[in-house]
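S.K.: Working from the sequences, and respecting the hints, build out all of it.
Line by line, the protein sequences are chains A and B. Last residue of the first sequence: 169 (our numbering), numbering continuous. Last residue of the second sequence: 301 (our numbering), numbering continuous.
If you are wondering where the hints come from, they were derived from the structure by calculation, not from laboratory data. Where a beta carbon is used, it is the ideal one built from N, C-alpha and C, also for glycine. A portion of the hints provided could be inaccurate.
Only part of the chain A face toward chain B is listed, based on derived beta-carbon distances under 10 Å [as the list claims (entries may be wrong)]:
#1 Thr20
#2 Val21
#3 Arg26
#4 Arg41
#5 Val44
#6 Met50
#7 Gly51
#8 Ala79
#9 Ala156
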Amino acid sequence: MPLLTHTDDHARPGRTRTETVRFCSRCGGPDDALPGRPELRRRVCERCGMGVMLTAAGDALPGSGAAFLIVTAELAVSAVSRSGDKVFGEEGELTGSHLLAIVTSPLGDEQLEQHVRRAALSRTETIAMPVRLVPEDAPPVGTLSARIASCGSPHAALVAVEPSGFGIR
Amino acid sequence: MSGIRTNAAAELLGVSPNTLRSWERRFGYPKPRRTQGGHRQYDLTELESLRRALLETHNISSAIELARQRGEGPSSPARLLDAFDHFDEGVADRILEESLAVRSVERSVEEVLLPALELAYEREGRDAERELGSRWATGWLHAARRVVAPATRPQGVLLFDSSPRLDLESLHVQALELALRRAGFRTLLLAFDLPPERIVRAIRAIDPTAFVFCGGEATLEVVGRLVYTVRQVGSAGPVFEYRESMPVTGEHGIPSLGTVPSEAVERLKAYVDSGRLEQVVVAPEVEPAARPGRVPAAANS
Ligand SMILES: [Zn+2]
Chain A
1 MPLLTHTDDH ARPGRTRTET VRFCSRCGGP DDALPGRPEL RRRVCERCGM
51 GVMLTAAGDA LPGSGAAFLI VTAELAVSAV SRSGDKVFGE EGELTGSHLL
101 AIVTSPLGDE QLEQHVRRAA LSRTETIAMP VRLVPEDAPP VGTLSARIAS
151 CGSPHAALVA VEPSGFGIR
Chain B
1 MSGIRTNAAA ELLGVSPNTL RSWERRFGYP KPRRTQGGHR QYDLTELESL
51 RRALLETHNI SSAIELARQR GEGPSSPARL LDAFDHFDEG VADRILEESL
101 AVRSVERSVE EVLLPALELA YEREGRDAER ELGSRWATGW LHAARRVVAP
151 ATRPQGVLLF DSSPRLDLES LHVQALELAL RRAGFRTLLL AFDLPPERIV
201 RAIRAIDPTA FVFCGGEATL EVVGRLVYTV RQVGSAGPVF EYRESMPVTG
251 EHGIPSLGTV PSEAVERLKA YVDSGRLEQV VVAPEVEPAA RPGRVPAAAN
301 S
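M.R.: And the structure:
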């Protein structure tokens, strides 16, 4: 199984802004509830039982099973997807960690912080920016493309990564 | 006692029963107690707390941690049991204090203290923890009894306790005594094997409106002797049993006050307030133990 999921063409940032996706904070799987029947929606993922169902813009995730972090406005990690465990580290270890202890951006951490905080505080357009993993022992995945989007509830930022084509560092 | 079966608990949280059991295996929470038949019974306050925490967090382990930290139940039986397991009476006191902030004394006893003790008594190989829990609970119930206001009802209730010291049933009996006192009854708790002459003095002093057999260890012979003594003194108060403590049940058994203190208090009040007590005066027909297998006191028909 590849470490990272490639982008589905129709889910590129900015493309499907009007649609939303409901996904599991742990397995990343979509909601199976009947469309238009919100009363049948469950908070806990019926597939894995280990994540809660969150909503984000349709272009926020590269696909189900994506590697992502959920980050609060204080830039603390509040969830890691199962695929994210292999990229960033185990959810149990990372929960509560500061975002910048996990990823950094060649465009500058200030910009990364700003985008993530804004996404966590209000509903923003999905943006993409390059990121790299910070820890010495992180897997050699090079520069990744991170989609930063709003999600919730509770309100937070979704930082989903995929290969960027910028190469291995 | 509030106990929620697995399917209902799962429904309340919007998860499958399998998911609920997997959380128990992985996180030890929510932690159900087991019925005698081995069924899981979840604490409603724990489930409520977790349901709220799930809405406030982004993953299951954080939700569970939050629910745990908040400690709601402000005092679940599982937390109290945990305090026994750590031999920490201070924590046990605090859990009950927290419970009293959101529940009455009666509900704290019935929903936290007694279920925790039942959990403690169900387990094998944890004798020291069980004894600590039992001693601590005895102390707690005594302390609660000491601060009960003076009786507000004219009726007296005499409880005969046949349970061994530090036995779970003995704690149930003490909880009943506390509830009766708090309900305003003049209440006296005596060991069932006291010599008759001492019981006579007690009966004369408090002139009981009702007698209650509790503790589960009474033999027919002893019950018969006690009832005989009661009637000899001229007391016509009806005899009840509590928590199926009587060796005989059925038609010739005696009326039950149920199995939990609040239920017992309600039943006793109903008897007293309906005035039907006046009609329940029947002297024993025979000498005690003269008719083995029957309780001569079946006095309340
Ligand atoms: Zn899932």
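S.K.: Evaluate each hint against the coordinates.
M.R.: Hints, verified against the model:
The restraint placing Thr20 (chain A) at the interface with chain B is violated, with a minimum CB-CB distance near 17 Å, outside the 10 Å limit. For Val21 (chain A), the interface hint is violated, since its Cβ never comes within 10 Å of a Cβ in chain B; the closest pair sits about 16 Å apart. The interface hint given for Arg26 (chain A) holds, since its Cβ lies 6 Å from the closest Cβ of chain B, which is under the 10 Å cut-off. Annotation: interface hint on Arg41 (chain A) holds; nearest CB of chain B at approximately 9 Å, less than 10 Å.
Because the closest C-beta pair between Val44 (chain A) and chain B is about 5 Å apart, less than 10 Å, the hint holds. Restraint check, Met50 (chain A) versus chain B: the minimum CB separation of about 5 Å is within 10 Å; hint holds. Taking 10 Å as the C-beta cut-off, the interface hint given for Gly51 (chain A) holds, the closest approach to chain B being about 6 Å. Here the hint on Ala79 (chain A) is kept, as its CB sits about 4 Å from the closest CB of chain B, short of 10 Å.
At its closest, the beta carbon of Ala156 (chain A) sits 6 Å from a beta carbon of chain B; the interface hint therefore holds under the 10 Å criterion.
Comparing the model with each numbered hint stated earlier shows that hints 1 and 2 do not hold.
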